[in-house]
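Number of protein chains: 2
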Amino acid sequence: MLTFYFAKDSSALASHLLLEEVGADYTAHEVPITQGAHHEASYLAINPKARVPALQTPNGVITENPAILTYVAATHPEAHMLPDTPFERAEADALNAYLCATMHVAFAHNLRGARWADSAEAQEAMKKKVASNLHDCAALIETHYLKGPWAMGDRYTLCDAYLFLAPRWLMKAGVDVAQFPKLHAHHTAMLARPATLAVMAVHGL
Amino acid sequence: MLTFYFAKDSSALASHLLLEEVGADYTAHEVPITQGAHHEASYLAINPKARVPALQTPNGVITENPAILTYVAATHPEAHMLPDTPFERAEADALNAYLCATMHVAFAHNLRGARWADSAEAQEAMKKKVASNLHDCAALIETHYLKGPWAMGDRYTLCDAYLFLAPRWLMKAGVDVAQFPKLHAHHTAMLARPATLAVMAVHGL
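From first to last, the protein sequence lines are chains A and B.
Counting in UniProt numbering, the first sequence runs from 1 upward without gaps.
Counting in UniProt numbering, the second sequence runs from 1 upward without gaps.
The following block holds chain A by itself, in its conformation from the complex (with noise of 0.2 angstroms):
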């Protein structure tokens, strides 16, 4: 049994998105960060980051999105989301950490900015560069990183339930996605799946 920890509308929908396709036995728990509930002492036992998402596995707790994805995926080996050989598994580990240590870095700037710099003045200058940052990631991914339909190509990967939010941050920055066809096809094939639906959801989106 496993117990999900997430916020609504947060990165944590890559993770969660996943343990739904795979039909993963778990229950999630919304930890509501807008009021705050990430910095409790109940929340910080189990995720010292103060961050979502966290997955609490029979094992101990697991935290950080790639590590999430690789394990639900390692994990329910007959849902087939790993890719098959090592460089294929390295090029969805690769799209995984463009993702978490560029794109939503990029994005984290918008709201996040004082992670960073302690002015208001900072932060402004931040979410002023958030857009065309967002659209570079878009644009590389779009060129080089999404062979199509899905991340890997033929067949839904752990990387699609990440890439999943690409999309998302881009609309959420102002940037239009129907720019990058690939990327605009991806997240048009994500909504057409039942686990996508459901955990959106959950989300209330």
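Calculated from the structure, these hints are not laboratory results.
Note that this is a predicted model, so its numbers are computed, not measured.
Any given hint could be a false lead.
Any copy, or any two copies together, can satisfy a pair, since identical chains are not distinguished.
What the hints assert, rightly or not - DSSO-like cross-link-like pairs, simulated, lysine-lysine; straight-line CA separation at most 27 angstroms:
| # | residue 1 | residue 2 |
| --- | --- | --- |
| 1 | K172 | K49 |
| 2 | K147 | K127 |
| 3 | K172 | K8 |
| 4 | K127 | K8 |
| 5 | K182 | K129 |
| 6 | K127 | K49 |
| 7 | K49 | K182 |
| 8 | K182 | K172 |
| 9 | K147 | K128 |
| 10 | K147 | K182 |
Start from chain A and add chain B according to the hints.
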């Protein structure tokens, strides 16, 4: 045969260390980023992200430290660099993701602030927060994510090569590593490994 693209004293050090640890059959090719070599067409054909590291394999190019580390570990099973269980593997993945997406990003705001804001004032404001952010990252790792003596416990695994960067980021930001005894001991243990010393020499360190 593998070709590894690196810049001296960059985060590519992490993947470079693991290649050397496992005794991989590779050649190391320097990309002098201080001279802008990462933006030249010949390198963009290898890594469109204009970053290091990149690993040319017989199947194609892999980018991103977490992906390269996992690939190198997976393709050299005799070196036993991957943890044994899915949960322990996830713990290692989570540490790699944290180093990649949080701690390295926190460090990058020191010299790479132009990625996230155009104004010189904003970039200066970012620099002011680097030391405290890196201190917080190190404290989190020290308390929760470094089992000792190696990251995952008794045995060196793929994430130790990456964790080697953490004390280096601290030192560069003027944070005293000695206040984190486990991290300090980890760094000392790394410096006793022949592979570490061999790679540092290539990086001019």
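Note to self: Going through the numbered hints above, which ones does this structure break? Give me the numbers in ascending order.
What the structure shows: As far as the earlier hints go, 2, 9 are violated by this structure, in ascending order.
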